[in-house]
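A.B. asks: What follows is the residue order along each chain.
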Amino acid sequence: MTSADGREPKAIVRALFAVLLISMSLPAAHAQTGAVKAPAASGKVHHVTELRGEWRRNGPAFVCTVPAGKLAPSEVNPDMLARACQHMGPFVVGDDVQVLKATLGAPHRTLPQPNGAQALLYFLEQREHYPYFVATVSKNRIIALQVTGTAAAKSYDFNHIDLGMTSDALVQVFGQPSHFEPSEEKDTELWTYGVWPFSFEVRGGHVTSIRIREP
Amino acid sequence: MSVGCRSVILALVVVLSELLPAFGFDFARYKAADLDVLLAQRRPAKGVDLYPALPLRLTVTLAGYGEKCQTELLMRALRMSGAPKDQIDAVEVTTCINIRSARGKALRVFIQDGIAGFLPKEIPLGKSLTLYAVHLFTDTNGPGLLVNEFESGDGGDARKAARKPPGDQARSWWTWWKMWRSGAANDIG
Numbered sequence: 001m002t003s004a005d006g007r008e009p010k011a012i013v014r015a016l017f018a019v020l021l022i023s024m025s026l027p028a029a030h031a032q033t034g035a036v037k038a039p040a041a042s043g044k045v046h047h048v049t050e051l052r053g054e055w056r057r058n059g060p061a062f063v064c065t066v067p068a069g070k071l072a073p074s075e076v077n078p079d080m081l082a083r084a085c086q087h088m089g090p091f092v093v094g095d096d097v098q099v100l101k102a103t104l105g106a107p108h109r110t111l112p113q114p115n116g117a118q119a120l121l122y123f124l125e126q127r128e129h130y131p132y133f134v135a136t137v138s139k140n141r142i143i144a145l146q147v148t149g150t151a152a153a154k155s156y157d158f159n160h161i162d163l164g165m166t167s168d169a170l171v172q173v174f175g176q177p178s179h180f181e182p183s184e185e186k187d188t189e190l191w192t193y194g195v196w197p198f199s200f201e202v203r204g205g206h207v208t209s210i211r212i213r214e215p
Numbered sequence: 216m217s218v219g220c221r222s223v224i225l226a227l228v229v230v231l232s233e234l235l236p237a238f239g240f241d242f243a244r245y246k247a248a249d250l251d252v253l254l255a256q257r258r259p260a261k262g263v264d265l266y267p268a269l270p271l272r273l274t275v276t277l278a279g280y281g282e283k284c285q286t287e288l289l290m291r292a293l294r295m296s297g298a299p300k301d302q303i304d305a306v307e308v309t310t311c312i313n314i315r316s317a318r319g320k321a322l323r324v325f326i327q328d329g330i331a332g333f334l335p336k337e338i339p340l341g342k343s344l345t346l347y348a349v350h351l352f353t354d355t356n357g358p359g360l361l362v363n364e365f366e367s368g369d370g371g372d373a374r375k376a377a378r379k380p381p382g383d384q385a386r387s388w389w390t391w392w393k394m395w396r397s398g399a400a401n402d403i404g
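One line per chain: the protein sequences are A and B, in this order. Under this note's numbering, the residue at position 148 of the first sequence is numbered 148, and the numbers go up by one with no gaps. Whatever position you read off the second sequence (first residue = 1), add 215 for this note's numbering.
If you are wondering where the hints come from, they were derived from the structure by calculation, not from laboratory data. Built from N, CA and C at the ideal position, the CB exists for glycine as well. Just so you know, not all the hints are guaranteed correct.
Cβ pair distances, simulated, as ranges [what the hints assert, rightly or not]:
#1 A:E128 with B:T355: 33 to 41 angstroms
#2 A:E181 with B:V252: 20 to 28 angstroms
#3 A:G105 with B:P267: 39 to 47 angstroms
#4 A:G116 with B:A317: 46 to 54 angstroms
#5 A:Q98 with B:R244: 52 to 60 angstroms
#6 A:K154 with B:G279: 53 to 61 angstroms
#7 A:E181 with B:R244: 41 to 49 angstroms
Incomplete in silico selection of chain B near chain A, CB under 10 angstroms [unchecked claim]:
#8 F240
#9 G262
#10 V263
#11 D264
#12 P267
#13 R291
#14 A292
#15 R294
#16 S296
#17 G297
#18 A317
Just chain A, with the same shape it has in the complex (with noise of 0.2 angstroms):
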């Protein structure tokens, strides 16, 4: 899937800011940490947040809506809000690259990226197969996810979509794609949604991968 990062000027992370909500309403968030736990609690580990919301769609905008927790308000800042949205599996964009390795260990692959950026490759299942897990660091913080292949990667959903879900469902949870284009790989369409921080693969009519970026 082509990256986009850095693309989006700073208006956009402060229209981001303007629209996160927190939600006293909502229960708590969908639970996308079940099979992996990641050792927050370890000292040398960096967790951006430990909050988890969700993307709502409002008219051709999002809202990060991220239920209250246990968190008062005031231990609540900006940054973890814009991040409470973006996790996948047991990662958050933005946390500390030790939070991956002390989870998954070493990478099965290390791919050099634009702007001394590097892709760590992981094999969710089985070598050389789908699905896999990448995650893009630079210095030493997470600044993208990625999760690929044709069926559901156990917990490694995001926002309500899995791998293998169909194009209808996707249309159904985020709405109206702003764009749509030919990927790199071979029969598939990369869907993106403006300046939001996400972005997903369809081949076939399901979803083949999901990205989710620095906001």
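Start from chain A and add chain B according to the hints.
C.D. replies: This is chain B only, laid out in the frame that chain A set:
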């Protein structure tokens, strides 16, 4: 028939006559737009930009009557809009017409089949007409518009194809009924 019964029927007729136009074509929601401006808008270098069925009123010149055309992208855009499936299924579009902007730029636009049939009877080629269309996408070829209705000239004509009686065109009575019932009579998007 008793006076009471006639009163009830009369009341029903009055109520229905008030309600039915509400299911007709909503001209007011279409905002005036300039096709030349639309054609000049940025196009994606590749792929397709999608729009949430923006309703536009465009005064253009008719350059060609309806011809069969590829509607796969149009139908995909409709499906990706998240519109209810039954409403999308009710849309019958296999036809495109050719139009020209005030500056003479050409564009091929999609048109509902039931509406396209009226054009040869009502609008000579080369004449001006007002299109009521929704902007669904833009690709490298330009904007993808679906015409839901038209009027001759600049829109001052009273013609309202959506209100013509069923059977006056190719569309079946049942199709009309389905669309009227869904409140979508010719007004897609």
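A.B. asks: Has the hinted range 53 to 61 angstroms been met by the Cβ atoms of K154 of chain A and G279 of chain B?
C.D. replies: Given range 53 to 61 angstroms: holds, Cβ gap about 55 angstroms.
A.B. asks: Let me know if the C-beta of D264 of chain B comes in closer than 10 angstroms to any C-beta of chain A, holds or violated.
C.D. replies: holds, 5 angstroms
A.B. asks: A292 of chain B was flagged as interface toward chain A. Is the shortest Cβ-Cβ separation under 10 angstroms?
C.D. replies: A292 of chain B check passes; min Cβ-Cβ to chain A is 9 angstroms, inside 10 angstroms.
A.B. asks: Quick check on the hint: G297 of chain B CB to chain A CB, less than 10 angstroms?
C.D. replies: Cβ of G297 of chain B sits 5 angstroms from chain A, so the hint holds.
A.B. asks: Per the CB criterion, is S296 of chain B less than 10 angstroms away from chain A?
C.D. replies: Result: holds, 5 angstroms to nearest chain A Cβ.
A.B. asks: For the hint on P267 of chain B, just tell me whether its beta-carbon gets within less than 10 angstroms of chain A.
C.D. replies: With a minimum Cβ separation of about 6 angstroms from chain A (threshold 10 angstroms), the hint on P267 of chain B holds.
A.B. asks: Within 52 to 60 angstroms or not, the Cβ separation of Q98 of chain A and R244 of chain B?
C.D. replies: With Cβ atoms ~55 angstroms apart, the hint holds.
A.B. asks: Starting from the range 41 to 49 angstroms, see whether the pair E181 of chain A and R244 of chain B falls in it by beta-carbon distance.
C.D. replies: Violated: the Cβ-Cβ distance is about 30 angstroms, outside 41 to 49 angstroms.
A.B. asks: Is it true that the C-beta distance of G116 of chain A to A317 of chain B lies inside 46 to 54 angstroms, as the hint says?
C.D. replies: holds, 52 angstroms
A.B. asks: Quick one, is the G262 of chain B hint okay against chain A at 10 angstroms, beta carbons?
C.D. replies: holds, 2 angstroms
A.B. asks: Verify the interface restraint on A317 of chain B: the C-beta must sit less than 10 angstroms from at least one C-beta of chain A.
C.D. replies: violated, 29 angstroms
A.B. asks: Is the interface hint for R294 of chain B satisfied, with its Cβ closer than 10 angstroms to some Cβ of chain A?
C.D. replies: The hint holds - R294 of chain B has a Cβ within 10 angstroms of chain A, the shortest such distance being about 8 angstroms.
The structure fails to meet hints 7, 8 and 18 from the earlier list, while all remaining hints are met.
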